[in-house]
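In our numbering, the protein residues as written are 135 to 538.
In case anyone wonders, no lab produced these hints; they're calculated from the structure. Careful: at least some of the hints might be erroneous.
To be verified - Pairs of lysine-lysine residues, derived as DSS-like cross-links and limited to a Cα-Cα distance of at most 30 Å, are as follows: (1) Lys443 to Lys405; (2) Lys245 to Lys328; (3) Lys360 to Lys147; (4) Lys231 to Lys302; (5) Lys479 to Lys502; (6) Lys270 to Lys479; (7) Lys443 to Lys245; (8) Lys405 to Lys308; (9) Lys305 to Lys405; (10) Lys306 to Lys202; (11) Lys202 to Lys328; (12) Lys245 to Lys195.
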Amino acid sequence: IYRMTAKGRPLQKPVAIDGQPIPKLLDNLKSPIDGIRHRTRVELSERDSDAVIAATKEWIKQFDPNKKEDAHHLLEALWLHQQHNDRNLELLGLLLKSPEPHARIAANTVKHLWFNVESTMRGGVIAETEEAATQKSGILSDTPELTTIRIGTVRERMRYDVTKLTVKPGKKVKPTFANPDYMPHNIMLVNPGKADEVGLAAIALGASGFSVGFIPESKEILWHSKLVDHGQEEVIEFVAPTEEGAYPYICSFPGHHLLMRGMMYVTNDLKEFLAKNPEQETKITEWKLADLAADVKRVGEHRNFMRGKEIFTKLACAQCHKMNQNSVTLGKNLSIGPNLDEVVKKHKHDAKAILAEILEPSRKIEDKYKTVLLLLDDGLSLNGNIVAEDKTSLTIVTGPPQVK
135 IYRMTAKGRP LQKPVAIDGQ PIPKLLDNLK SPIDGIRHRT RVELSERDSD
185 AVIAATKEWI KQFDPNKKED AHHLLEALWL HQQHNDRNLE LLGLLLKSPE
235 PHARIAANTV KHLWFNVEST MRGGVIAETE EAATQKSGIL SDTPELTTIR
285 IGTVRERMRY DVTKLTVKPG KKVKPTFANP DYMPHNIMLV NPGKADEVGL
335 AAIALGASGF SVGFIPESKE ILWHSKLVDH GQEEVIEFVA PTEEGAYPYI
385 CSFPGHHLLM RGMMYVTNDL KEFLAKNPEQ ETKITEWKLA DLAADVKRVG
435 EHRNFMRGKE IFTKLACAQC HKMNQNSVTL GKNLSIGPNL DEVVKKHKHD
485 AKAILAEILE PSRKIEDKYK TVLLLLDDGL SLNGNIVAED KTSLTIVTGP
535 PQVK
């Protein structure tokens, strides 16, 4: 048996492991020697989990998650949490944003084990949804071979959390689209200047759009995700266009493209590109109740019911709401929001109160219309709206046009 070592380098000194106190064992995890760290983790696996986790949380306070040299120590702490079945989502989040690429890869492995392999653990689905809403978005990594991107939705704001991105022409791109919002959304990249054209084509699909995820037939669409439900995400891979340009990305769920949009600049030099192609400012007004005070006073004048009904239908409001108790929705059993008559009666025809609900629909949600999350005994989960319930069964709309 031969042992190879560097000439003149002293042999490794014995390191005490067996029976050592937890703080001493944690310091062993700083060692550059794999064997020492491995044997230390084995020793810590035999110790009381509460004591190990408490000591670990104190131990990591000395490290800076923004420093590459501290990344491995924090990763050792994450592995201890995994070993002792304690999900530290804050630590996981820090390592997923680490400046050290290898640490990010290892953290993603832990994330996969916690939220996919171990999905039967109680609370896992809720934790995953919360984490999806707080993860870093934007360009996560950019190597000569691949640009990795994350884009999410902003809860109840009809917005993407990233509205500007820059990639190089012909570059391989891997975006992750995450949706912590309670409505279904998608994301698609379209040719320059074609956002409104594609958005209107999606509206024209009407109720049949659900069967195709509101992806209209169009040569202007370069890539797209599926319609992603609350708490879910999708990973897409594509090659950026070879022609420089400002390529919009939008959500094509009916009417969403007006607000849910961003711009992917495909260029080698963004500053030079913008100098040659000045941005046209898009003004989006977030209306407040005070802005419409004068309109409320004349709400009964010059009304056009047919125009209102047309908009109500085209923008897919009728997917979940009825005009009145006798009307129908655009799909079977999809009445998961209050009908218009019900809202008017509740507010006793008070135009100002009704307008407040239109401007802030999530300000106060009645219990029967709230989205619920069910964790099932087999480890699966369902989220949606309860439409019927008795002693033996529960009927829940999990996302148009599905009913379970």
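Status of the hints after comparison with the structure:
1. Lys443 to Lys405: Cα-Cα ~46 Å, so violated.
2. Lys245 to Lys328: 37 Å, violated
3. Lys360 to Lys147: Distance ~57 Å between lysine 360 and lysine 147 Cα, so the pair is violated.
4. Lys231 to Lys302: It holds: about 22 Å lies between the C-alpha atoms, which stays within 30 Å.
5. Lys479 to Lys502: Holds: lysine 479 and lysine 502 sit about 17 Å apart, inside 30 Å.
6. Lys270 to Lys479: 44 Å, violated
7. Lys443 to Lys245: 46 Å, violated
8. Lys405 to Lys308: 24 Å, holds
9. Lys305 to Lys405: 19 Å, holds
10. Lys306 to Lys202: 26 Å, holds
11. Lys202 to Lys328: It is violated: about 42 Å lies between the C-alpha atoms, which goes past 30 Å.
12. Lys245 to Lys195: 22 Å, holds
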